[in-house]
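Asker: Sequences and hints are given; from them, build the entire structure.
Residues per chain are reported as follows:
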Amino acid sequence: MNAPLLVFFFLAAIAILGAISLILQRHPIHSALSLIVVMVALAGLYLLMGAEFVAAVQIIVYGGAIMVLFIFVIMLLNAGVEERTNMSKMAGWAGLPLAIALMGFLAAAVARSTDRVQAVAQSGATAPTKVVAGLLFQEFVYPFELTSFLILVAIIGAIVLAQREKQ
Amino acid sequence: MIPAHYYLILSAILFGLGVVAFIFRRNIITIFMSIELMLNAVNLAFVAFSQAWNRLDGQVFVLFVIVVAAAEAAVGLGIIILIQRNRQSLNVERVDLLKL
Numbered sequence: 001m002n003a004p005l006l007v008f009f010f011l012a013a014i015a016i017l018g019a020i021s022l023i024l025q026r027h028p029i030h031s032a033l034s035l036i037v038v039m040v041a042l043a044g045l046y047l048l049m050g051a052e053f054v055a056a057v058q059i060i061v062y063g064g065a066i067m068v069l070f071i072f073v074i075m076l077l078n079a080g081v082e083e084r085t086n087m088s089k090m091a092g093w094a095g096l097p098l099a100i101a102l103m104g105f106l107a108a109a110v111a112r113s114t115d116r117v118q119a120v121a122q123s124g125a126t127a128p129t130k131v132v133a134g135l136l137f138q139e140f141v142y143p144f145e146l147t148s149f150l151i152l153v154a155i156i157g158a159i160v161l162a163q164r165e166k167q
Numbered sequence: 168m169i170p171a172h173y174y175l176i177l178s179a180i181l182f183g184l185g186v187v188a189f190i191f192r193r194n195i196i197t198i199f200m201s202i203e204l205m206l207n208a209v210n211l212a213f214v215a216f217s218q219a220w221n222r223l224d225g226q227v228f229v230l231f232v233i234v235v236a237a238a239e240a241a242v243g244l245g246i247i248i249l250i251q252r253n254r255q256s257l258n259v260e261r262v263d264l265l266k267l
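Chains as they are written, first to last, in my numbering: chain A, 1 to 167; chain B, 168 to 267.
None of these hints come from the bench; they were simulated from the model. Every residue gets a Cβ at the ideal spot worked out from N, C-alpha and C, and that includes glycine. Fair warning: there could be bad hints in the mix.
To be verified - In silico contact screen, one side only, chain B against chain A (beta carbon under 8 Å); selected entries:
(1) I169
(2) Y173
(3) I176
(4) F182
(5) V187
(6) A188
(7) R193
(8) L211
(9) L230
(10) V234
(11) A241
(12) L249
(13) Q251
(14) Q255
(15) N258
What the hints assert, rightly or not - What follows is a set of in silico ranges between Cβ atoms, one per label pair, in the way DEER data are often shown:
(16) A:L152 - B:R222: 27 to 33 Å
(17) A:I155 - B:R222: 29 to 35 Å
(18) B:R222 - A:I29: 35 to 41 Å
(19) A:R26 - B:I202: 44 to 50 Å
(20) A:E165 - B:W220: 50 to 56 Å
(21) A:L69 - B:L267: 22 to 28 Å
(22) A:S21 - B:R261: 23 to 29 Å
(23) B:D263 - A:G134: 46 to 52 Å
(24) B:W220 - A:L102: 21 to 27 Å
(25) A:F72 - B:W220: 37 to 43 Å
(26) B:L267 - A:A91: 34 to 40 Å
(27) B:E260 - A:K130: 46 to 52 Å
(28) A:R26 - B:D263: 17 to 23 Å
(29) B:Q255 - A:F9: 41 to 47 Å
Answerer: Right under this line is the structure:
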């Protein structure tokens, strides 16, 4: 077994354990910390695939900005341990088997669909970040500009939603 | 070289765990975090395909997905603050009326 494969299995195990911990923890702040573990493990996997820029953005935007926002809201609302209520009978009875079936079907479908992918020759890509920048600012420049508009709308929406109502 | 389908199977597992969290958790913040987990799983599949086909379009799509996730988190957490203010509860089973 070679070194990259070992690193892959190590990071994959951390990601899956973090995701399971997100499900099992009863306090939202513990779930948020588990999610940060998953995101850092995924950033490691991106590095392993040679996508340095995506790995950096994953750490800065997901692990940094978005999760800080989550933890900030959890603390602002003083969210405590989740109270147990009777879940709907349908979710309790059929939820887990159906979710596991979905996982199995997805894994089987993508595993079958990669037969063709693997036929494509792997050649060492050079300076991927430079190429990503070229794609982002030339081929995808209109979607890129639209995302700035989307962020502006989201900022205004968040401010309007969260402001206190005037009496 | 790690085969692309290892990454894709990991992505499917993470997506499935996100679905399980979405179904079984009662706290609206945790449900929202499970949506982020599913978005992350999709990002992993994007990067894996991008690497397998040796084309970098997939990585550009990942950046767009991250931007959408950030916008969604900002608006979604605003909505969560409103729910807490109006219902004094974060349990989704107590948020089942359109009008108070």
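Asker: Work down the list of hints and note, for each, if the structure agrees.
Answerer: Here is what the structure says about each hint:
1. With 8 Å as the threshold, the beta carbon of I169 of chain B comes within range of chain A, its nearest partner Cβ sitting at about 5 Å, so the hint holds.
2. With 8 Å as the threshold, the beta carbon of Y173 of chain B comes within range of chain A, its nearest partner Cβ sitting at about 6 Å, so the hint holds.
3. Given hint, I176 of chain B at the interface with chain A, holds; its Cβ is 5 Å from that chain's nearest Cβ, closer than 8 Å.
4. The interface hint given for F182 of chain B is met, as the beta carbon of that residue sits about 6 Å from the closest beta carbon of chain A, less than 8 Å.
5. Checking V187 of chain B against chain A: minimum C-beta separation of about 5 Å stays under 8 Å; hint holds.
6. The beta carbon of A188 of chain B comes within 5 Å of a beta carbon in chain A, closer than 8 Å, and the hint placing it at the interface holds.
7. At about 5 Å, the closest approach between the beta carbon of R193 of chain B and any beta carbon in chain A falls short of 8 Å, and the interface hint on this residue holds.
8. At about 6 Å, the closest approach between the beta carbon of L211 of chain B and any beta carbon in chain A falls short of 8 Å, and the interface hint on this residue holds.
9. Checking L230 of chain B against chain A by beta carbon gives a least distance of about 6 Å; that is within 8 Å, so the hint holds.
10. A least Cβ separation of about 4 Å between V234 of chain B and chain A falls short of the 8 Å threshold, and the interface hint therefore holds.
11. The interface hint given for A241 of chain B is met, as the beta carbon of that residue sits about 4 Å from the closest beta carbon of chain A, less than 8 Å.
12. A hinted interface residue such as L249 of chain B counts as satisfied when its beta carbon comes closer than 8 Å to some beta carbon of chain A; here the least separation is about 6 Å, so the hint holds.
13. For the restraint placing Q251 of chain B at the interface with chain A, the shortest Cβ-Cβ distance is roughly 5 Å, inside the 8 Å limit, so the hint holds.
14. Because the beta carbon of Q255 of chain B sits about 10 Å from the nearest beta carbon in chain A, more than 8 Å, this interface hint is broken.
15. A hinted interface residue such as N258 of chain B counts as satisfied when its beta carbon comes closer than 8 Å to some beta carbon of chain A; here the least separation is about 6 Å, so the hint holds.
16. At roughly 30 Å, the beta carbons of L152 of chain A and R222 of chain B sit within the given window of 27 to 33 Å.
17. Distance hint check: the CB atoms of I155 of chain A and R222 of chain B are about 33 Å apart, consistent with the given range 29 to 35 Å.
18. Checked against the hint of 35 to 41 Å, the C-beta distance between R222 of chain B and I29 of chain A comes to roughly 40 Å, which is consistent with it.
19. Between R26 of chain A and I202 of chain B, the C-beta spacing of about 19 Å breaks the proposed range 44 to 50 Å.
20. Our hint of 50 to 56 Å for E165 of chain A and W220 of chain B holds, since their Cβ atoms are close to 51 Å apart.
21. Between L69 of chain A and L267 of chain B the beta carbon distance is about 27 Å. The supplied range of 22 to 28 Å therefore holds.
22. The beta-carbon spacing between S21 of chain A and R261 of chain B, approximately 26 Å, falls within the hinted interval of 23 to 29 Å.
23. For D263 of chain B paired with G134 of chain A, a C-beta distance near 50 Å keeps the hint of 46 to 52 Å intact.
24. Against the hinted window of 21 to 27 Å, the Cβ-Cβ separation of W220 of chain B and L102 of chain A comes to about 26 Å, which satisfies the hint.
25. Between F72 of chain A and W220 of chain B the C-beta distance comes to about 39 Å, which sits within the given range of 37 to 43 Å.
26. A beta carbon spacing of about 25 Å between L267 of chain B and A91 of chain A contradicts the range 34 to 40 Å that was offered as a hint.
27. Taking 46 to 52 Å as the suggested C-beta distance range, the pair E260 of chain B and K130 of chain A conforms, at roughly 51 Å.
28. At roughly 22 Å, the beta-carbon separation of R26 of chain A and D263 of chain B lies within the given 17 to 23 Å, and the hint holds.
29. Taken as a hint, the range 41 to 47 Å holds for the pair Q255 of chain B and F9 of chain A, whose Cβ atoms sit roughly 46 Å apart.
Hints 14, 19 and 26 from the earlier list are contradicted by this structure; the remaining hints agree with it.
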